[in-house]
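A.B. asks: The lines below spell out each chain.
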Amino acid sequence: MSSKKLLSEFTKGFVKENPVLGLMLGLCSVLAVSTEVKNAIGMGVAMTFVLLGSNILVSLLRKTIPQKVRIPVFLIVIGSFTTIVDLVMNAYAPAIHKNLGIFIPLIVVNCIIIARAEAFAAKNTVLNSIIDALGMGFGYTLVLFVIATIREISGNGTFFGVKLFTEFNPVLVMMLPPGAFITIGLLMAVLRSIKK
Amino acid sequence: MKETIKLGKYLFIICAVAGVTLAGTNYFTIKKIVSQKLKAENAALKEVLPVAFCFEVKNNFPKNGFDEKNNIVGYVLKVTATGYSSQIEALVGLDRDFKVTGVKILSQTETPGLGSKISEKNFLSQFIGKFSEKILLKKDAQAGEIDGVTSATISSRAITDAIRKKINEFKKTVK
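Going down the list, the protein sequences come from chains A and B. So for the first sequence, this note's numbering puts the first residue at 298; every next one is plus one. So for the second sequence, this note's numbering puts the first residue at 10; every next one is plus one.
Treat the hints as calculated values from the structure; they're not laboratory data. Hints are supplied without guarantee of correctness; some may be wrong.
[Stated by the list, open to error] In silico SDA-like pairs for lysine to any residue, Cα to Cα no more than 20 Å straight-line: (1) B:K18 with A:K313; (2) B:K41 with A:L384; (3) B:K148 with B:Q135; (4) B:K87 with B:N73; (5) A:K395 with B:K18; (6) B:K15 with A:K395; (7) A:K313 with A:F442; (8) A:K420 with A:M471; (9) B:K55 with B:K18; (10) B:K15 with A:L484.
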């Protein structure tokens, strides 16, 4: 495996196969947690960790997992990692845990993870799967960060909770779910025009 | 048949390993989680009733707050209100004259960026130092002295009214 190939496995998650904007996966959590940059990063890190764990394990087991029960096995692996993240965050980062609330346990049903397990980790070596997970996780976090930045600044006039303007009339719709759809749509349009 | 048993065995092993791992994680984090929760709870009590040195140890509310000499200096009530999209839970601290010493929102899932602002200091600090008669939204009553959060009237009204009612109820039980 050449290092160039590895690099492309890593970077494909940023733009070309970006899980959110390119593959349109995991939108539910993106809509929900992108109102604040702080939450967006917390969610991105938690999700990357689960993705990394599940990709490594699925890739390790890929030759022994019977084809017929592979989906239940993926689910058990993903569920276990999510629960570990949930418990550890609750113990050591209770503030972020409280903000993200229900969306941590919901990583279980985040389709990005099962999609990577099925489409990539089940067919590739451990090293490639690690690279893939990091790239995809970074791509997901990056998109969350950009959307949350746009929404937090326009909808609340703050960035990372710091007030940016003295006289500012926030665009309230940006804080609500429609704001997330609008932002995602615009970003997708920008990305597509760049790709061409 | 043979294959079914094979698949079953495989799934059993995977589940057993997952179960043991999770039990282990739970074992190592449970203490920390419980202590974090207690710490957060105590901090919340202290926040709404800063004059108190310690609090009554029991599982339900209202809780009495004590000073160093074990005299009652105030009370902490738990208020539940039905907001716009969620149940709002809050702690309210009262001194012995039933004047509010602090309000803290424990949990809510109101609209992020709108209703969720009821848990911010700008809104909650208005309650401090007020008797229950003044705890009404300005737009609802002449006597009211609470400014609602802009475009989140339902959430603001829900928590304001719930706090007033709870204090009034509590007064009767003490007197």
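A.B. asks: Work down the list of hints and note, for each, if the structure agrees.
C.D. replies: Status of each hint after checking the structure:
{"no.": "1", "hint": "B:K18 with A:K313", "in the structure": "violated, 40 Å"}
{"no.": "2", "hint": "B:K41 with A:L384", "in the structure": "holds, 10 Å"}
{"no.": "3", "hint": "B:K148 with B:Q135", "in the structure": "holds, 15 Å"}
{"no.": "4", "hint": "B:K87 with B:N73", "in the structure": "holds, 12 Å"}
{"no.": "5", "hint": "A:K395 with B:K18", "in the structure": "violated, 38 Å"}
{"no.": "6", "hint": "B:K15 with A:K395", "in the structure": "violated, 42 Å"}
{"no.": "7", "hint": "A:K313 with A:F442", "in the structure": "holds, 18 Å"}
{"no.": "8", "hint": "A:K420 with A:M471", "in the structure": "violated, 40 Å"}
{"no.": "9", "hint": "B:K55 with B:K18", "in the structure": "violated, 54 Å"}
{"no.": "10", "hint": "B:K15 with A:L484", "in the structure": "violated, 48 Å"}
In terms of the numbered hints stated before, the structure departs from hints 1, 5, 6, 8, 9 and 10, listed from lowest to highest.
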